[in-house]
Amino acid sequence: SAVISQKPSRDICQRGTSLTIQCQVDSQVTMMFWYRQQPGQSLTLIATANQGSEATYESGFVIDKFPISRPNLTFSTLTVSNMSPEDSSIYLCSATIRHTNTGELFFGEGSRLTVL
Amino acid sequence: AQSVAQPEDQVNVAEGNPLTVKCTYSVSGNPYLFWYVQYPNRGLQFLLKYITGDNLVKGSYGFEAEFNKSQTSFHLKKPSALVSDSALYFCAVRTEGFQKLVFGTGTRLLVSP
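Here the protein sequences come in this chain order: B and X.
The numbering used here numbers the first residue of the first sequence as 1 and each following residue consecutively.
The numbering used here numbers the first residue of the second sequence as 117 and each following residue consecutively.
Extracted from the complex, chain B is given alone in its bound form (with noise of 0.2 Å):
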């Protein structure tokens, strides 16, 4: 398995603010993807991210909204940017890990965005 850190883990943000998330990941990864979970929601992939290089997004997600970062192998980042309440959600960064090549995820703890 993988330990996933995200943080921060909660905020509470004011409309029109940006926010970034960041993830490490303790293992030597394969692929790293970001999803979104709405209240009450399953979850909907935003995003790849892709190192060294600009992330793949999911339809409906755009980088001027999701600016996503890979600077190295293990580490990633997710802006929300200029938030609204409809941004309210738990955002989970995940991997995939080098030893495991059968796909499953890891998840982080998540990060749950308020936004007032």
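Since the hints were derived computationally from the structure, they do not count as laboratory data.
Careful, some of the hints might be misleading.
Partial pick of chain X residues on the chain B-facing surface, computed with a CB cut under 8 Å [claimed, not checked]: (1) F150; (2) R158; (3) G159; (4) L160; (5) F162; (6) K165; (7) F206; (8) Q215; (9) K216; (10) L217; (11) F219; (12) G220; (13) T221; (14) G222.
Note that the structure is predicted; figures quoted are calculated from it, not measured.
Virtual Cβ for every residue (Gly too), placed ideally from N, Cα, C.
Place chain X on chain B using the hints.
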């Protein structure tokens, strides 16, 4: 396209009774199937997976799941439920060579004392 269906929003079971949480899937190609559990205010924890081999796979906390190719199902089971099993359960699928996991909508399991 890959998809997963969890037909029950909630499953209620009494402690000590067997439990089943249902999942059906749709993929092109051979499926890789997963179950995750989410406790309140926590991230997702991996429970078990089916890649190939025996149709009955065993996982963490006494859970198991049965892969049924003809019915395209991967139901989660446990012979004797515990109150501490109460949580949100997600089924997920991917195919070989396709890295992204697609998640179902989740099923809330409530185990009563």
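Quick rundown of the hints versus the structure:
1. F150: Because about 6 Å separates F150/X from the closest Cβ in chain B, which is inside the 8 Å limit, the hint holds.
2. R158: This interface hint holds because 6 Å falls under the 8 Å limit.
3. G159: holds, 4 Å
4. L160: holds, 4 Å
5. F162: At 5 Å from the nearest chain B Cβ, F162/X passes the 8 Å test, so the hint holds.
6. K165: holds, 5 Å
7. F206: holds, 7 Å
8. Q215: Q215/X check passes; min Cβ-Cβ to chain B is 6 Å, inside 8 Å.
9. K216: Holds, because the Cβ-Cβ distance from K216/X to chain B comes to roughly 6 Å (cut-off 8 Å).
10. L217: holds, 6 Å
11. F219: holds, 5 Å
12. G220: holds, 7 Å
13. T221: Holds, about 5 Å.
14. G222: holds, 5 Å
When the structure is compared with the earlier hints, no violation turns up for any of them.
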